[in-house]
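The sequence shown begins at 674 in this note's numbering and counts up one residue at a time.
Just so you know, not all the hints are guaranteed correct.
What follows is a set of in silico ranges between Cβ atoms, one per label pair, in the way DEER data are often shown [unchecked claim]:
hint, residue 1, residue 2, range
1, 736, 712, 17 to 25 Å
2, 738, 680, 25 to 33 Å
3, 786, 748, 36 to 44 Å
4, 786, 699, 25 to 33 Å
FYI, nobody ran anything at the bench for these hints, they're computed from the structure. In this text, a Cβ means the ideal position worked out from N, Cα and C, and glycines have one as well.
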Amino acid sequence: TRTVKPGSRWLPLGEARQSWPEEALAKWNSSPYGDRRQELVFIGSAMDEFAIRQQLDGILLTEEEFAQGPEVWSQWAKLQGLEPSSPLGDNAIGTLQHAAEMGDPQAQFALGTCYEKGDQVP
Numbered sequence: 674t675r676t677v678k679p680g681s682r683w684l685p686l687g688e689a690r691q692s693w694p695e696e697a698l699a700k701w702n703s704s705p706y707g708d709r710r711q712e713l714v715f716i717g718s719a720m721d722e723f724a725i726r727q728q729l730d731g732i733l734l735t736e737e738e739f740a741q742g743p744e745v746w747s748q749w750a751k752l753q754g755l756e757p758s759s760p761l762g763d764n765a766i767g768t769l770q771h772a773a774e775m776g777d778p779q780a781q782f783a784l785g786t787c788y789e790k791g792d793q794v795p
């Protein structure tokens, strides 16, 4: 059985900030987005935390890039996770190879699929 429940509502922005409880004002008032945030959670076996962090760090924007806005960002390969040398990217292939060597059956299957499809595998 799976249950999906709505979370708490975000604090209202703009002039409505005046209605925030004192605790919320102390914690979130300096943030332009209030209590809004996104979190990434990775759950699995034989995951390479270093490789995941490296991949995510590779798509961080500088302040100058951020200022260019979403119209420009959407054109960038680095934010689409594209690698020109391999459909999965070299880091993904390396991570798959490592997991397959460690005996992970899903990684072994995925790597075998890459070989079967003719994807570039070092």
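Do the hints match the structure? See the list:
Against the hinted window of 17 to 25 Å, the Cβ-Cβ separation of residue 736 and residue 712 comes to about 22 Å, which satisfies the hint. As the Cβ distance of residue 738 to residue 680 is approximately 30 Å, the hint placing it in 25 to 33 Å holds. Between residue 786 and residue 748 the CB atoms are about 30 Å apart, so this pair departs from the stated range of 36 to 44 Å. Checked against the given bound of 25 to 33 Å, the beta carbons of residue 786 and residue 699, roughly 52 Å apart, lie outside it.
Going down the numbered hints, you'll see the structure goes against 3, 4, while the others check out.
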